[in-house]
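4 protein chains.
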Amino acid sequence: MYRVAIIGATGYAGQELVRILARHPGAELTVATASQATSSARKLPALARLWDGEVRPLQLDEVAASADVAFLALPEAASAETAPLLLANGLRVVDLSGAFRLRDSAARARWYPATGELPDGVAYGLTEFERDRIRQARLVSNPGCYPTAALLSLVPLARAGLIASGSDIIVDAKSGLSGAGKAPTERTHFSENHGSVAAYGAFGHRHAPEMEQALGRTITFVPHLVPLDRGLLSSQYVRLAAGTTSAQVESAFRSAYATAPFVRVTGTDLPEIKHVAWTNFCDLGWRVSGDRAVIVSAIDNLLKGAAGQAVQAFNVAFGFEECAGLL
Amino acid sequence: MYRVAIIGATGYAGQELVRILARHPGAELTVATASQATSSARKLPALARLWDGEVRPLQLDEVAASADVAFLALPEAASAETAPLLLANGLRVVDLSGAFRLRDSAARARWYPATGELPDGVAYGLTEFERDRIRQARLVSNPGCYPTAALLSLVPLARAGLIASGSDIIVDAKSGLSGAGKAPTERTHFSENHGSVAAYGAFGHRHAPEMEQALGRTITFVPHLVPLDRGLLSSQYVRLAAGTTSAQVESAFRSAYATAPFVRVTGTDLPEIKHVAWTNFCDLGWRVSGDRAVIVSAIDNLLKGAAGQAVQAFNVAFGFEECAGLL
Amino acid sequence: MYRVAIIGATGYAGQELVRILARHPGAELTVATASQATSSARKLPALARLWDGEVRPLQLDEVAASADVAFLALPEAASAETAPLLLANGLRVVDLSGAFRLRDSAARARWYPATGELPDGVAYGLTEFERDRIRQARLVSNPGCYPTAALLSLVPLARAGLIASGSDIIVDAKSGLSGAGKAPTERTHFSENHGSVAAYGAFGHRHAPEMEQALGRTITFVPHLVPLDRGLLSSQYVRLAAGTTSAQVESAFRSAYATAPFVRVTGTDLPEIKHVAWTNFCDLGWRVSGDRAVIVSAIDNLLKGAAGQAVQAFNVAFGFEECAGLL
Amino acid sequence: MYRVAIIGATGYAGQELVRILARHPGAELTVATASQATSSARKLPALARLWDGEVRPLQLDEVAASADVAFLALPEAASAETAPLLLANGLRVVDLSGAFRLRDSAARARWYPATGELPDGVAYGLTEFERDRIRQARLVSNPGCYPTAALLSLVPLARAGLIASGSDIIVDAKSGLSGAGKAPTERTHFSENHGSVAAYGAFGHRHAPEMEQALGRTITFVPHLVPLDRGLLSSQYVRLAAGTTSAQVESAFRSAYATAPFVRVTGTDLPEIKHVAWTNFCDLGWRVSGDRAVIVSAIDNLLKGAAGQAVQAFNVAFGFEECAGLL
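Residue numbers (my numbering), protein chains in the order written: chain A, 1 to 327; chain B, 1001 to 1327; chain C, 2001 to 2327; chain D, 3001 to 3327.
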């Protein structure tokens, strides 16, 4: 049983962390704090009876004294400031922000200018491909929601050498609004999104370099907001290497995820968000026509795309069953 | 052809006014202004090609010089300040705020404390019952969206004496989010409303005294937010006077609306929002069981509940066909 | 550990039963069958990894041989036929249909003509008020979704004598579409409901006599379909008995639910569906003005309104903690 | 003034035709029929007051005698049978089905096997590029909703030679459910789509050969259903020819649509469905990064993607202003 702190417990991902960790068999939720300087404690009414503690203003001393591991669901600048202090106090950290995802200094400076140098002992928390590193890590950097869906679709093909070397890689993603966070803005206003779909961030979203870091090649990424709350469906388009058969594509996915508890390979039945919402699963299917392939993946952006995946990495890091608390 | 100004043209009701009046056969839209002190002019991209003018910072001189009538889609305090100045310049005014809806001084002071005294020459703009007053009025005070739906359901029965004198009158209304306006708040955040319904303002919403003023008796009013953009459905519950027959109920509605172009009496087929969204219609049906009755009405809150109704009153006030520009 | 069968496992409530019971600490899910004569077994892709069994055509012998208790999520006529056979084989039954909810013969004949006589040993499964009867019962008849929300709001006031004897009781309910089941119809077609709200069944819905049976008096019940999937919010309007104070209202609710694990009394903070969706909670709040009161309750219609409540009753019937498998 | 018949007036596109043509300054709506053998006439309640005629069972003699032009909103097999009979009677026809879109015999046989030979005098009704042919045509074949959005995005670049010859062309489209028609199916059931997104028809949708016919090259097309009613947003991905500048891309679009009343070029402001829903506009924007480009277009699938576009072609064919009845 490990003592767990959640820093940033009032946002959407933070509340999911509370919901999961309050019932996790290997975690004792000892402290939950708000992400910002708040002057008073408060309850989370939606989680009453599941967790009846109070979210308190952040005090690092308290966190350091009462937790073995801290989950940070903070803006990246706050994470970049907070995580090293907790690490220095001997805690292990799972960070849900983008602060520690990029390793290249130039890329960090460009996409996350407020986050400074990368500490030692960081693992990228896409558990399906990083179990060994996560076990060793002091800090697990939880992937972005879009990279999670895209990389689970692309990495098996790339590792198997099935993507043509000159192929464009297109990632067209559709995300629910909870991915945009809890702060009210014009972009997240109900009436602006109901009955609408909008593309945004084309060629300029910082989840693209995260995908490119993992794949080692350029990708074209355009996210879209779709009028739903929880869920993300991502469609990946590639050209297959010459001579690649459908059976090889299937084999690449089946073998990559043979022992992955949260990736459900659906084959040519393309996935849909409804089947994965409120779960930590990633459903993954594909279609091939000649040397063209489309791979479609679906996740709950707050779970497999954020809080669930963070707990999955925690499970691996601390020696629990990978599914603990997540089914 | 009358010269028309729209004051507050960037909000949801304001944009609907632009959309309607830009194509109205009897109106020339000469000026549109933003509701707040803004420093520069801007276009309305959603209305490009329908109206390609610029929304400019409000300057009363300009409005007074270039318009015969002004539509005000402003917060009530701004309306209370602006309308008298335009009236003093000889313009007629259609005001969409709550500033001029209540006549009783005490009620005004309680529910609209920022709005001061009521000017002369005000008509309540529920056109179906107020055509004569609207023709004479200098200022038409457009009804609230909830009172529109409730009063169209209740006034015919009340006038026909079919509501039992001791009956409770319950108004349970369900409104889309556009009724809450364009300013982003936690209450209008997409993720807080998708998949949700919430009651609010029970016994404390200022549309209740507006209904009570028209009916001369107490009503119980509870509005609810439902996860859609445009539309409002209101269910009214009353006890009928002893001996009232279904035929009398039907007759009350049929005769009240025999010549009303925008009220579609659907009888025992209860209305639904889908049929009235994007129209100025109010669909109205009912069911009777013994001496109990429920009357259900549906409107588009931005049209029959706001901008459409304002133009309907304008049509009557200026001698156009009541439907002009609205079908 | 009890062996459990789910009869009707492919519908929305049935799939929720599978999801819950596959992980219930005291249940072994031994058989799941389709509701209709189907010729072949099939998987439930949305539940893969949570339950990987097959839904098979119903064979009563198999069910009788392999289960101690059967959950029936069937149309009422099928339940009326199936339940007695399972009871005769010694199984206990939790029935989610309306077949066994009404006790009065005349009412049964009118509202559920296909369901015949009521067997012995039936308890009404509104666990909060029926724990003793449920422990003794051979068959638990799970309440309807609307009566669940309405009765949790009204019974405490009625039992405390706080509702005026001559008061109308109005139940205006708003339900998501999953309550209408899985069979595609014009009424459940996406485009007919998106952006819409519709009243239906006014004075003619069979959940009204179920409420009236529990309260012993007439209620006026109008359900509405709102454009969401899971969730139900119900607004109840009553006149309070002379002299009733707000404190008495609060006390009635607090004491009624002091030990009820699934009713969260929110006081004058009115509930919203978002807080209860995907949970077995009923959130319940109210407002009082003079002798008028509105009580608002919110549930997930598939959980507290169907499958979750069924498992709650199962927990009580078989001596488990009331929350087992449900948090 | 031309006499107009609508064949198939009860479906979603058919009702939009009624709504538009009942108010069209150059059309007299003389007859509207249901798409299937129906035994009795019926009203369209949502269109009451806009058009109070009756939709009657189809009788070709009546149509031939009372109309100069017929709009067919029928399944393609019914269109293939009906259109030649009306042409033979001297009517001009605007057909909204896929029956007459493909010109190549082999492609027709594969994708529309029930439609037989192509008659003479058919024009493809993508008015922006086909005005001359439409003026001459006896039969206008209205484009599919997806090809409309995709081709308006791609044809200007292709004609200007700005797409690299070896480039993949990816069309990732997101459509509201009204595009799936009015017949209730599991795929269009509310609860299956609310909160969900699903890809379908990858490499197998018959709108792909329609795009390929217009472009003369292979495209990869994957449509997705998004949880809204009206609207379609399509994202097109291409590689630009070597040396292409952003200015050339902009120039290609600006000049292609300089006089097109319904295409609003938004430049690097990417479009959103909300701005075009309930209009006949196509909003079109793009982003360029090096030699990669994404072009995003948005339409109302029932208007610019169906009924509105059909009336636009009618306007051109009969010499009206292209916008008549459509603003």
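Since the hints were derived computationally from the structure, they do not count as laboratory data. Quick caveat: nothing in here was measured; it's all calculated off a predicted structure. Just so you know, even glycine gets a beta-carbon here, dropped at the ideal spot from N, CA and C. Watch out, some of these pointers could steer you wrong.
Which chain B residues face chain C? A few, computed with CB under 10 Å, are given here [what the hints assert, rightly or not]:
| no. | residue |
| --- | --- |
| 1 | 1028 |
| 2 | 1159 |
| 3 | 1160 |
| 4 | 1162 |
| 5 | 1166 |
| 6 | 1196 |
| 7 | 1204 |
| 8 | 1230 |
| 9 | 1288 |
For the restraint on residue 1160 of chain B, tell me whether the closest CB of chain C is nearer than 10 Å. violated, 21 Å
Would you settle whether the hint for residue 1230 of chain B is holds or violated, based on the nearest Cβ-Cβ distance to chain C being less than 10 Å? holds, 7 Å
Hold the hint about residue 1159 of chain B up to the distance rule: shortest CB distance to chain C must be less than 10 Å. The hint is violated - residue 1159 of chain B has no Cβ within 10 Å of chain C, the shortest such distance being about 22 Å.
Does residue 1028 of chain B hold up as a contact with chain C if the rule is Cβ-Cβ below 10 Å? violated, 33 Å
The hint names residue 1196 of chain B as touching chain C; please verify it with the least Cβ-Cβ distance against 10 Å. Since chain C brings a Cβ to about 4 Å from residue 1196 of chain B, closer than 10 Å, the hint holds.
Taking the closest Cβ pair, is residue 1162 of chain B under 10 Å from chain C? It is violated, given that the least Cβ distance between residue 1162 of chain B and chain C is near 16 Å, above 10 Å.
Would the stated hint for residue 1166 of chain B survive a check requiring a Cβ distance to chain C of less than 10 Å? holds, 9 Å
With a cut-off of 10 Å on the beta carbons, see whether residue 1204 of chain B makes it to chain C. holds, 8 Å
Would the hint on residue 1288 of chain B stand, with a C-beta cut-off of 10 Å toward chain C? holds, 8 Å
In summary, the structure is inconsistent with hints 1, 2, 3, 4 from the numbered list given earlier, while agreeing with the others.
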